[in-house]
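Peer 1: Read top to bottom, the protein sequences are chains R and H. Just so you know, the UniProt record's numbering puts the end of the first sequence at 653, numbered straight through with nothing missing. Just so you know, the UniProt record's numbering puts the end of the second sequence at 204, numbered straight through with nothing missing.
Keep in mind that the hints were calculated from the coordinates and are not lab data. Computed from a prediction, not measured in an experiment: that's the story for all the values here. Cβ atoms here follow ideal geometry from the backbone N, Cα and C, with glycine treated the same way. Do not rely on the hints blindly, as some may be mistaken.
[Stated by the list, open to error] Calculated cross-link-like contacts (lysine to aspartate or glutamate; reagent style DMTMM-like; alpha-carbon spacing at most 25 Å):
| # | chain 1 | residue 1 | chain 2 | residue 2 |
| --- | --- | --- | --- | --- |
| 1 | R | Lys-216 | H | Glu-35 |
| 2 | H | Lys-95 | R | Glu-611 |
| 3 | R | Lys-310 | R | Asp-533 |
| 4 | R | Lys-570 | R | Glu-611 |
| 5 | H | Lys-94 | R | Asp-636 |
| 6 | H | Lys-165 | R | Glu-580 |
| 7 | R | Lys-456 | R | Asp-536 |
| 8 | R | Lys-558 | R | Glu-527 |
| 9 | H | Lys-94 | R | Asp-634 |
| 10 | R | Lys-226 | R | Glu-560 |
| 11 | R | Lys-570 | R | Asp-533 |
| 12 | H | Lys-165 | H | Glu-88 |
| 13 | R | Lys-647 | R | Asp-51 |
| 14 | R | Lys-648 | R | Asp-634 |
| 15 | R | Lys-569 | R | Glu-378 |
| 16 | H | Lys-165 | R | Asp-634 |
| 17 | R | Lys-8 | R | Glu-142 |
| 18 | R | Lys-583 | R | Asp-636 |
[To be verified] Cβ-Cβ distance ranges computed for the label pairs, FRET-style:
| # | chain 1 | residue 1 | chain 2 | residue 2 | range |
| --- | --- | --- | --- | --- | --- |
| 19 | R | Ile-36 | H | Leu-87 | 55 to 61 Å |
| 20 | H | Leu-154 | R | Trp-53 | 30 to 36 Å |
| 21 | H | Ile-116 | R | Met-340 | 54 to 60 Å |
| 22 | H | Thr-195 | R | Asp-636 | 42 to 48 Å |
| 23 | H | Ile-116 | R | Val-643 | 57 to 63 Å |
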Amino acid sequence: MSSLFSFKMPEHGFFVTGEPMIYMADVLIVLVTLGIIFVLTYFKKWRWLWDEWLTTVDHKRIGIMYIISALLMLFRGGVDALLMRTQLAWPGLNFLNAQHYDEIFTTHGTIMILFMAMPFIVGLMNVAVPLQIGARDVAFPELNAVSFWLFFAGAMLFNISFVIGGSPDAGWTSYTPLAGNELDPGPGENYYLLGLQIAGIGTLMTGINFLVTIIKMRAPGMTLMKMPLFTWSTLITSVIIIFAFPVLTVALALLTIDRLFGAHFFTVTAGGMPMMWANLFWIWGHPEVYIVILPAFGIFSEVISTFARKRLFGYRAMVYSMVAISALSFIVWLHHFFTMGQGPWINSFFGVSTMLIAIPTGVKVFNWLLTLHKGRIEFTQPMLWALAFIPSFLIGGVTGVMLAAVPADYQYHNSYFLISHFHYVLIGGTVFGCFAGLTYWWPKMFGHKLDERLGKWAFWVFNIGFHLCFIPMYLVGLQGMTRRIYTYPAETGWGPINMVETIGAFIMGIGFLIFCYCVYYSARFGERDVTGDAWDGRTLEWSLSSPAPHYNFAHIPKVEALDAWWHMKKEKGKKKEKPEPYKPIHMPNNTGMPIVMSAFMFVAGFGFVFEWYLLAIGGLIGVLLCMLWRSFNDYDSHHYVSVEEIKKHEMAS
Amino acid sequence: MAAISEKATSSGPLEYSTEEGSLKIFGFWIFLGAEIVLFATLFATYLVLHGQTAGGPTSKELFEVRDFMIETLLLLTSSFTCGLAVLEMRKGNKKGYMAWMAITLLLGLGFLGMEIREFVTYVSEGAGLSRSAFLSGFFILVGTHGAHVSLGVLWILCVMAQIAKRGFTPMTARKAFITGLYWHFLDVVWIFIFTAVYLTGVVT
Numbered sequence: 001m002s003s004l005f006s007f008k009m010p011e012h013g014f015f016v017t018g019e020p021m022i023y024m025a026d027v028l029i030v031l032v033t034l035g036i037i038f039v040l041t042y043f044k045k046w047r048w049l050w051d052e053w054l055t056t057v058d059h060k061r062i063g064i065m066y067i068i069s070a071l072l073m074l075f076r077g078g079v080d081a082l083l084m085r086t087q088l089a090w091p092g093l094n095f096l097n098a099q100h101y102d103e104i105f106t107t108h109g110t111i112m113i114l115f116m117a118m119p120f121i122v123g124l125m126n127v128a129v130p131l132q133i134g135a136r137d138v139a140f141p142e143l144n145a146v147s148f149w150l151f152f153a154g155a156m157l158f159n160i161s162f163v164i165g166g167s168p169d170a171g172w173t174s175y176t177p178l179a180g181n182e183l184d185p186g187p188g189e190n191y192y193l194l195g196l197q198i199a200g201i202g203t204l205m206t207g208i209n210f211l212v213t214i215i216k217m218r219a220p221g222m223t224l225m226k227m228p229l230f231t232w233s234t235l236i237t238s239v240i241i242i243f244a245f246p247v248l249t250v251a252l253a254l255l256t257i258d259r260l261f262g263a264h265f266f267t268v269t270a271g272g273m274p275m276m277w278a279n280l281f282w283i284w285g286h287p288e289v290y291i292v293i294l295p296a297f298g299i300f301s302e303v304i305s306t307f308a309r310k311r312l313f314g315y316r317a318m319v320y321s322m323v324a325i326s327a328l329s330f331i332v333w334l335h336h337f338f339t340m341g342q343g344p345w346i347n348s349f350f351g352v353s354t355m356l357i358a359i360p361t362g363v364k365v366f367n368w369l370l371t372l373h374k375g376r377i378e379f380t381q382p383m384l385w386a387l388a389f390i391p392s393f394l395i396g397g398v399t400g401v402m403l404a405a406v407p408a409d410y411q412y413h414n415s416y417f418l419i420s421h422f423h424y425v426l427i428g429g430t431v432f433g434c435f436a437g438l439t440y441w442w443p444k445m446f447g448h449k450l451d452e453r454l455g456k457w458a459f460w461v462f463n464i465g466f467h468l469c470f471i472p473m474y475l476v477g478l479q480g481m482t483r484r485i486y487t488y489p490a491e492t493g494w495g496p497i498n499m500v501e502t503i504g505a506f507i508m509g510i511g512f513l514i515f516c517y518c519v520y521y522s523a524r525f526g527e528r529d530v531t532g533d534a535w536d537g538r539t540l541e542w543s544l545s546s547p548a549p550h551y552n553f554a555h556i557p558k559v560e561a562l563d564a565w566w567h568m569k570k571e572k573g574k575k576k577e578k579p580e581p582y583k584p585i586h587m588p589n590n591t592g593m594p595i596v597m598s599a600f601m602f603v604a605g606f607g608f609v610f611e612w613y614l615l616a617i618g619g620l621i622g623v624l625l626c627m628l629w630r631s632f633n634d635y636d637s638h639h640y641v642s643v644e645e646i647k648k649h650e651m652a653s
Numbered sequence: 001m002a003a004i005s006e007k008a009t010s011s012g013p014l015e016y017s018t019e020e021g022s023l024k025i026f027g028f029w030i031f032l033g034a035e036i037v038l039f040a041t042l043f044a045t046y047l048v049l050h051g052q053t054a055g056g057p058t059s060k061e062l063f064e065v066r067d068f069m070i071e072t073l074l075l076l077t078s079s080f081t082c083g084l085a086v087l088e089m090r091k092g093n094k095k096g097y098m099a100w101m102a103i104t105l106l107l108g109l110g111f112l113g114m115e116i117r118e119f120v121t122y123v124s125e126g127a128g129l130s131r132s133a134f135l136s137g138f139f140i141l142v143g144t145h146g147a148h149v150s151l152g153v154l155w156i157l158c159v160m161a162q163i164a165k166r167g168f169t170p171m172t173a174r175k176a177f178i179t180g181l182y183w184h185f186l187d188v189v190w191i192f193i194f195t196a197v198y199l200t201g202v203v204t
């Protein structure tokens, strides 16, 4: 009971001190917060923010909030990367000390995977999937808002660690016993465990939501094999999420219980098994990397087919290869630790299963190439990202097969060769996919195109920087440079190569800034999308005005073929012909419950991070009360959009 | 829920009569799928750690056959009465539903009481969560199930209160049906705990 009322301070104090960069960050955080409050108050935007965004259950707006958060996290993770690259630019630098470097590579990895790639992908799913299947929202709009706000609460909890209490420092994989209480006490690792836990629950709910949406809410006539490929990739991804994320939930919970309540799942003493963490983590972790790559594959399929002006080559093979990849993703996890003492038979099995993934992936690459073959290719900015993806992902994939060869992996493992491999697939695959998707659906989200000239500048600068940064990493990795070292002696001769990498990294940063300027410029001067069909698209989202009305479809479309909108345009020659009268549309009300509940979740998470159990329990009770309140008050949570309002919207577009 | 009308879409059971109802029931089945993965992970963890007693008490020394048999009987019976309650709900008999559900909750509370007593006994014998990896695995697996049952009791109480006030509508019937699914699911998990933890535990 005494521990319930103990508000002990971490060893190094509540606020992180001692580094000039941290003080600068403190000042910036305060200034930016005050700035936001001032702007909102001055322009009297609080009401608007609450009514239109914070309480929204509209999938399109939730998608936009996901993407904004993801871009902020890309900035944060990118700054981490530049700090690391600065430290490594030359041998023997002291820009960051070893501890600070450990913290930064941990937060870089965790943020980029879980708080950048995931929300970016989920954001694009939210924006596009209901529109692609002719639905008016996802199956559970309120749950969708809960998912977003839980992700946001988890991300914010993780992000405050660097100014309050200290950042986690055991790597994004957080291997025990290093991440256990004995070797790494204090709030840092707790932030990792609780931040991921809260965001992970949100992701699981997203998986369930999109599975139900796609299975149950497709427009009449849209059979499974008439679904757009991005929708297919979302469906398969949802299944992976449902099977993989509970494992993460358990792994994080067990390590939390080890650290806070003295259990012995992963300790070396009392019979615990540190290796079990590696297994549990990667049983989730490997499917997780397919969760962020398969939707990118879906985006590339849409973009390549649209801008090659051709039906996708080998649609069925594309679907089956994604299914095969999703199944294989669950039986390869051990390749992340070939060198941690399994026997040759086990390693062989996982080596072979890993190499097998190259087959369906190869099928997909050939299908994209054959879609391009004899197409009338338009080099728009989404298409550039998609075209740059193919060779980049090929390099990443081939080096992946090299790493899967177990005996050779004993040489490559833990080196910069590995670092370059997974950056090639995650940047060349997922990040390029996110940018392709973002630039592709931008007109649908905001009603104007992104400026082509600036967008292409951003693309080329980012791309050149990317290869300049990561090609040399393969070389320096083969020369023996291992990951997670904060400096290296000059005698190794790695200095010049590292300098090139650092220059490449900063060029990528410049590319990102050009993209940000492009966003600003396009909002003011970009080409307005008046038709709603900015790219002469093939799927149903392009049949709506841009941005789409909040109810999406005034009439639910009837689907007759793959590429339904293309079919409607070309085969029938009729466009938006709507003889039927409008009917009132049943839509869910906005609700403040998701954000309030997630705020309580944040409080609970913070309580557990600092082991202030009174606060933690208070937060959890708040969460529970929110659920009870919702259970008793969900009887009138809908309204009807009147025929007049629908007419007004449809006339305007 | 958008695009979902409240009008009845079929003449089937009340809880499936609206599109919203059938979507939510389907969604809950998927959620139970995720719960199975969650429990499977806990089972795997427990089974891996079963022999890791670190010189502390083993499962054979701790588990009492009489106690876990009573726990099992209480929970299995509660699943049966829960099924009867849902049948009464299908007949539109509010009183019958309330009565069987009250019995279900009493049996559930009896189960929880037994489990809490079991946990307290172990801890007082020095066999707590931190004693060994085996006991960590045991308390977290069985405790997670117990926490689910506790939440279930609270949840069913809320649903009963709503049904008392509103009677059976497509919405309240759907809630009653989903809480029923949840309760049966916990029963299924318990059968695995009974087999993999308790029965296996007293023989090896």
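Peer 1: Each hint should be assessed against the structure and marked as holding or not.
Peer 2: Structure-based check of each hint:
1. R:Lys-216 <-> H:Glu-35: 21 Å, holds
2. H:Lys-95 <-> R:Glu-611: 46 Å, violated
3. R:Lys-310 <-> R:Asp-533: Satisfied, since the Cα-Cα distance of roughly 17 Å is no more than 25 Å.
4. R:Lys-570 <-> R:Glu-611: Cα-Cα ~63 Å, so violated.
5. H:Lys-94 <-> R:Asp-636: Given pair H:Lys-94, R:Asp-636 holds - Cα atoms ~23 Å apart, limit 25 Å.
6. H:Lys-165 <-> R:Glu-580: Violated. H:Lys-165 to R:Glu-580 sits at ~41 Å, over the 25 Å cutoff.
7. R:Lys-456 <-> R:Asp-536: 20 Å, holds
8. R:Lys-558 <-> R:Glu-527: At roughly 31 Å apart (the allowed maximum being 25 Å), R:Glu-527 and R:Lys-558 break the hint.
9. H:Lys-94 <-> R:Asp-634: 21 Å, holds
10. R:Lys-226 <-> R:Glu-560: This hinted pair holds, its Cα atoms lying about 8 Å apart.
11. R:Lys-570 <-> R:Asp-533: 14 Å, holds
12. H:Lys-165 <-> H:Glu-88: 17 Å, holds
13. R:Lys-647 <-> R:Asp-51: Within the cut-off at roughly 23 Å; holds.
14. R:Lys-648 <-> R:Asp-634: Measuring from Cα to Cα gives roughly 29 Å; hence the hint is violated.
15. R:Lys-569 <-> R:Glu-378: Holds - the C-alpha atoms of R:Glu-378 and R:Lys-569 are around 20 Å apart, at most 25 Å.
16. H:Lys-165 <-> R:Asp-634: 14 Å, holds
17. R:Lys-8 <-> R:Glu-142: With Cα atoms ~38 Å apart, R:Lys-8 and R:Glu-142 exceed 25 Å; violated.
18. R:Lys-583 <-> R:Asp-636: 20 Å, holds
19. R:Ile-36 <-> H:Leu-87: 55 to 61 Å: 56 Å, holds
20. H:Leu-154 <-> R:Trp-53: 30 to 36 Å: 33 Å, holds
21. H:Ile-116 <-> R:Met-340: 54 to 60 Å: With a Cβ separation near 40 Å, H:Ile-116 and R:Met-340 fall outside 54 to 60 Å, so the hint is violated.
22. H:Thr-195 <-> R:Asp-636: 42 to 48 Å: 46 Å, holds
23. H:Ile-116 <-> R:Val-643: 57 to 63 Å: 58 Å, holds
In summary, the numbered hints that this structure violates are 2, 4, 6, 8, 14, 17, 21.
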